[in-house]
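Colleague: Given only the sequences and the hints, what does the whole structure look like? Please build it.
Protein chains: 2
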Amino acid sequence: MAETDKRAGCAVIGYGGMGGWHTRHLLESDVGRLVGVWDINPAKNELAKENGIKAYSSEEELLADPEISVVTIATPNDSHIPIAIRAMRAGKNVISEKPVTLNSKLLREAIAVSEETGRLFTVHQNRRWDCDFLMMKQVFESGDLGQVFEIESRIQGSRGIPGDWRGHKPQGGGMLYDWGVHLIDQMLQIVGNRRIEAVGCRFENVTNKEVDDGFYLDIFFEEGLVGHIEVGTHHFIQLPRFFMSGTAGSAVINDWRDRAKCVINLDKTEYEVKPVVTAAGMTKTMAPRSEDTLRTTYVERPDPDVHDFYRNFIAATRGECEQLVTHEQMLRVMKVIDLAFMSGKAKSVIPFDI
Amino acid sequence: MAETDKRAGCAVIGYGGMGGWHTRHLLESDVGRLVGVWDINPAKNELAKENGIKAYSSEEELLADPEISVVTIATPNDSHIPIAIRAMRAGKNVISEKPVTLNSKLLREAIAVSEETGRLFTVHQNRRWDCDFLMMKQVFESGDLGQVFEIESRIQGSRGIPGDWRGHKPQGGGMLYDWGVHLIDQMLQIVGNRRIEAVGCRFENVTNKEVDDGFYLDIFFEEGLVGHIEVGTHHFIQLPRFFMSGTAGSAVINDWRDRAKCVINLDKTEYEVKPVVTAAGMTKTMAPRSEDTLRTTYVERPDPDVHDFYRNFIAATRGECEQLVTHEQMLRVMKVIDLAFMSGKAKSVIPFDI
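From first to last, the protein sequence lines are chains A and B.
If you want this note's numbering, it's the position in the first sequence, counting the first as 1, plus 49.
If you want this note's numbering, it's the position in the second sequence, counting the first as 1, plus 49.
Since the hints were derived computationally from the structure, they do not count as laboratory data.
Even for Gly, the Cβ is constructed at its ideal location relative to N, Cα and C.
Since no wrong hints were added, every one of them can be taken at face value.
Derived, one-sided and incomplete: chain A residues facing chain B with beta-carbon distance under 7 Å:
no., residue
1, N175
2, S207
3, I286
4, G330
5, M335
6, R338
In silico DSSO-like pairs for lysine-lysine, Cα to Cα no more than 27 Å straight-line:
no., chain 1, residue 1, chain 2, residue 2
7, B, K186, B, K310
8, B, K98, A, K323
9, B, K98, A, K333
10, A, K218, A, K93
11, A, K333, A, K310
12, A, K396, B, K384
13, B, K103, B, K93
14, A, K396, B, K394
15, B, K384, B, K396
16, B, K333, A, K186
17, B, K218, B, K396
18, A, K384, B, K396
Which chain A residues stay away from chain B? Per the calculated CB distances, all over 10 Å, these:
no., residue
19, I89
20, N90
21, I102
22, E109
23, P125
24, P131
25, V162
26, T166
27, S191
28, Q238
29, R243
30, E369
31, E377
Modeller: So, in structure tokens, the structure goes:
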């Protein structure tokens, strides 16, 4: 590269699915320059070379390269923290794939090293750039739904969990550590600084008994707001991706490719509620509303650029701004996960401030 | 009525919304003959007379009428049991509106009187004749979905709870006692004799602080099956009425007016799973399946006749058959409700065999 290239030198440790994503992403980055990769599996290093990417011969060699300013870790979940600590001690700024670690105790150790070394340390919460999440955040912040009392975030696949280390407990497999981490982070981003009061969770084991292949998580926020998160991996029909209920209206995103639909209660009196009569009886309580008492609006899909993640982090390494995914946010997500596992075992809601 | 009329003499106590439904239903019944009604509110008795229906001057007068064989009770929930006991002691067979009572202890007392007097006693579980429920029961029993691990039953209105006694705790207001009783009974009917292991519930109080105006209930059955029931009264968009997930497929009823849709996994290998790439990243786990690996089928809507409820009960009073809604079933539903309230208070899953 030319000496005038101001882009930060980046390396990726772990050249699997997400490692591949990071290399491709960095090859088209305007702020980062891919210097090389290293994988514990020699075949993966060969593959990198075939793809025209430099492969180091060891982690030590990679960490000793002064060209590298940022190291991205895309290895199995249980190895993120030891590698991150070694990288920070070697003077590198670190982006860890999610989940950054398996519990908040380990996370605190890595954060302590970040503070001690002055090197930056963050987690790749790329799903903050997902359109569906951004639209729901916009709906929540608009106040159009009045006081929101329930936010439901669901993702349902049909293939079980991946057949690799993601099916094993010691490596941090299972869906709470996988999609769970993203959906929890999104939920906390949607509701802003709302205090968490408690966490409840039940787990599913349909195709895998060792780790969860699905879960149903409730995050109880102050002011009666519940954030409900569901991940399933054995569904051949899908419920809506997002559902939000407030005192003044409801919102839904049926599919992650759709826009958000909001239905607002115009608070018009319905003088003659016509009861609904089914085969078996009637109901006024559940009778549909007449359309003229409601207003339907749509939120158009935004056009986010996930390159903003590396743009922010590299600017932060140069002291130009704060990192977007902060230590406090990382700890909060991790604590929800800690308590979710406790809740599943105890079959009980766990207070957040324990 | 002519002496040759073999229809059973029926009376209705309580001439409100459901009392009115029973009188209209009995006026067109082929097995029951409406003799008269009584309501504690004189204005309601006047209304009955205006509608051409005999109104008794007191409960005692009604219960003393030898023409009456069956008494239907459609009063506020807390008064069902004392009236039912007086009616049975007066020699009448009793149909109580739901919920038959506010807890299973009181229910046991009424059942004891039924056994002592030999008079029949049941609850009006009319929603066993709802098409949506019948289709889901058929799907479950067909085995087409393989081993079912989750059944979700939701009903979401937009009008809060009714403004009468249904908003007050002493009378047995709230949605668990209202739609909850029906949806729990339906769930237990769908899964048959599956043993209940535990019950978990959280309640919602959006427009009413005294009683629940919504709830999220999990019934944990043996063999890892969860029956999830949701009732909401402040939703301007509705999630599907029923959703069922099994190892071999999924089923959904989007609206109570629709047929059931089943999507069965043909278990064909997908050799090239194409990852889904969103704005923020990619996923193989959650990528949609190619259509040729699935088969979609529909269950046609049945044509049930809710008159079968009175037909069965009146035949049972004559010893011709067993009553459809049995004491054991009534007790099982009531116990789920007892434990749901306990769970809401304890914020914990409650074992069924306590």
